[in-house]
Amino acid sequence: MSEPEVPLDEALRADFGEAIESSRVSGGILTVRARRDAIAGICAALKERHGFTFLVDLCAVDFPGRERRFEVVYHLCAPGAPGAPAMGLRVRLKATVGEGTPLPSVTGVWRAARAPEREVWDLFGISFEGHPDLSRLLLPDGFEGHPLRRDFPLEGLPDEEGTGD
Amino acid sequence: MVDASEREAAGVWDGIWEQARRLGLRPTLLELGSCALDGGPARDPRHDLARFGPEVFRVAPRRGDLLIVAGPVPEKMAPFLRRLWDELPEPKWAMALDAGAVLPRTYAIRREIGDVLPVAVRVPGWPPSPDELYRGFQELETKIGPGAPG
Amino acid sequence: MSEEMELAFGPRHPALHGLLRLRLRVDDERIVECRPVIGHLHRGLEKLFESQLFAAGVAAAGHLDYLGSAGALAYAGAVERLLRIAPPPRARLLRVLLAELGRVSSHLHAVGSHASDLGFAAPLAAALRERERIVRLLRRAPELVPGGFAAEPPAGWLERCRELAEALPRGLEEIDGLLTGNRLWKKRTAGLGVLAPELAVDLGVTGPALRACGLPRDLRRDLPYEAYGELDFEVAVGENGDAYDRCRVRIEEMRQSARIVLQALDRLPEEPAPPPPARSSLPGGEVYHGVEGPRGETGVYLVGDGTSRPYRCHARTPSFAHLQALPEICRGEPVADLLALIGTLDIALEEVDR
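Chains as they are written, first to last, in the numbering used here: chain F, 8 to 172; chain D, 105 to 254; chain C, 826 to 1179.
For reference, chain F alone in the conformation it holds in the complex:
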């Protein structure tokens, strides 16, 4: 259970030093940017030491112009003990990776991460080291490309000759 005296971003900096690249309030909640190799450790600490037992969401955003084009975004919730003021405490964690660079999987921290990491692989082509089953989730097995990348056309790639079926 986290002590309210030390603000969360300070506590994280104390534990992870330069692996915490930045922290600020964005969209109303604390948003922490971390180095990709420290992600699994930070998530574990957030869960075990600060009460973030709940992975609300895990998704990705593509910024093709940037050096590290992909941002993987984790939304976490620390429900706290019943009646505790920490009910509904939320934090946003981000890591950026370039094309072809994997992120550590956090399935070891929250089982809930399994499906969303797989979806990020499916739709963005970002891989997660240690994920038990990185394969297509929403798209058909033979599908080529990662549609949520910004450079992938909405209507899909032009058909090859004779798709048949």
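No lab work stands behind these hints, which were simulated from the structure alone. Yeah, the Cβ is synthetic: ideal placement off N, Cα and C, and Gly gets one too. Among these hints, one or two may not hold up.
As the list claims (entries may be wrong) - Stretch by stretch, here's where chain F covers chain C in the computed footprint (C-beta under 8 Å, at least three residues): (1) 872 to 884; (2) 1107 to 1113.
Said to hold, decoys possible - Residues from chain D that keep clear of chain F, each with C-beta distances beyond 12 Å, as calculated: (3) Trp121; (4) Pro178; (5) Glu179; (6) Lys180; (7) Ala182; (8) Glu194; (9) Pro208; (10) Arg209; (11) Ala212; (12) Ile213; (13) Val225; (14) Arg226; (15) Pro228; (16) Tyr238; (17) Glu245; (18) Lys247.
Could you slot chains D and C onto chain F? The hints should help.
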């Protein structure tokens, strides 16, 4: 007391069921997205039982089977839709409730349903209006002909 | 002698709700492993959000949870937070009406079809009868837009809401009597599909399925939005995290919804709210906005870039998380219970696949 506007807002499935019955067809519904026909299959969750896979008809329909595909066909669903169609016995017809106007083409719903199975009738609108539906069934009736299989 | 068999189920099965394919490994009558295969209803909604004007996203979000409105409410809320605008009090209360009617409609369907899957037909008939009225009303609801609503509710709509909310408890008594009060139902569902609270949290389970484990988490109470902060209601909680409790929680939630609807109607300001001014662009920035949909937390992560289209719009849906709980609660259970196990989790494939 059900007022006129509520009647209008009633599920599309009622209209489909009525029209299909009129033609002696037993409709099988494949809902791709729950919105439009909500309230229909839920009304009678077993009415289209055993239309997929080994089947036993409890009541021999006077004519044949009508497959209603409601909504855009996602890529991943296309092979299963084909299999569903193949497993329906002759005579059979397919009606597409075409949601093209509501959900534009994306990489996931590129499939033109006519690529997957022969569509006898298309009914536009999402949900389709009673008029559109009626017109669709009239068209279907001409295709079925006076008792000859499709 | 045990024999393991692989069974394929779906994606369309007459009794399966939605398009879900399951790969099962079965030993005699017991499920050894259950692997859902999804994507048959994947339409590419998130990519679509990026290609449309942001205001059009409300309707697109409706494809996530059509009658429950959770997707539309989450999306509209996210847009409003980025735009730093708040709907007027009347609109916020109308949204509560929409949300609660949607909750009741969704729960009636979930409870009714789940009961029917287990061979109890009468509750389904009662549930559908109640639901029919609500669905008709919802179809005539005013259109949700960022900032409020596009128009006022049609004449008589609010009166009809009140009639429905006043009549609902009687209908719920009937359904409750057929289920909770039914010895056979209790025998069938108590201990079925038990989800331990720690596992539920670890899997990202929210909504009635989480509350049935005894955890009183509800965004309407924990992080109030729209007008929920001013309204009085109980958060329904179970004890054992089994199918019996999940059903009881849903029924109690519907009772609370009726209460909420009547309060909201009573507090509704007289003055009709004018339609909000249209905005041409979303500012740069990001926000996550979650609402308590019928199945649990439905959230939208929205990234704006100063243009008229969202840069990124990701939908966090409860069913996506809950499907991960299915293999857990299936393990070791008889195959005959499979439909009941799916039904008790109340999984909507449209919001899984998006």
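D:Pro228 clear of chain F by more than 12 Å, beta carbon to beta carbon? 21 Å, holds
Can we confirm that no CB of chain F comes within 12 Å of the CB of D:Glu245? For D:Glu245, whose nearest Cβ neighbour in chain F is about 30 Å away, the distance exceeds 12 Å, so it holds.
Please verify that the nearest CB of chain F lies beyond 12 Å from D:Ala212's CB. Violated, since 7 Å does not exceed 12 Å.
Taking the minimum C-beta separation from D:Val225 to chain F, is that value above 12 Å? About 22 Å separates D:Val225 from the closest Cβ of chain F, which puts it past 12 Å; holds.
Taking 12 Å as the cut and beta carbons as the points, is D:Lys247 off the interface with chain F? D:Lys247 clear of chain F: closest Cβ-Cβ about 25 Å, beyond 12 Å.
Check the non-interface label on D:Tyr238: least C-beta distance to chain F beyond 12 Å or not. Check passes; 33 Å lies beyond 12 Å.
Would you say D:Pro208 is clear of chain F, with no C-beta pair closer than or equal to 12 Å? 8 Å, violated
With a Cβ-Cβ cutoff of 8 Å, does the segment 1107 to 1113 of chain C contain at least three residues near chain F? Since 4 is at least three, the answer is holds.
Please check whether the beta-carbon of D:Ala182 is more than 12 Å away from every beta-carbon in chain F. 6 Å, violated
Does D:Glu179 clear chain F by more than 12 Å, comparing its Cβ with all Cβ atoms of that chain? 6 Å, violated
Against chain F, does D:Ile213 keep a CB gap of more than 12 Å to every residue? The assertion about D:Ile213 is violated, with a minimum of 9 Å to chain F.
D:Lys180 non-interfacial with respect to chain F [C-beta, more than 12 Å]: 5 Å, violated
Consistency with the previously given hints fails for numbers 4, 5, 6, 7, 9, 10, 11 and 12, ordered from lowest to highest.
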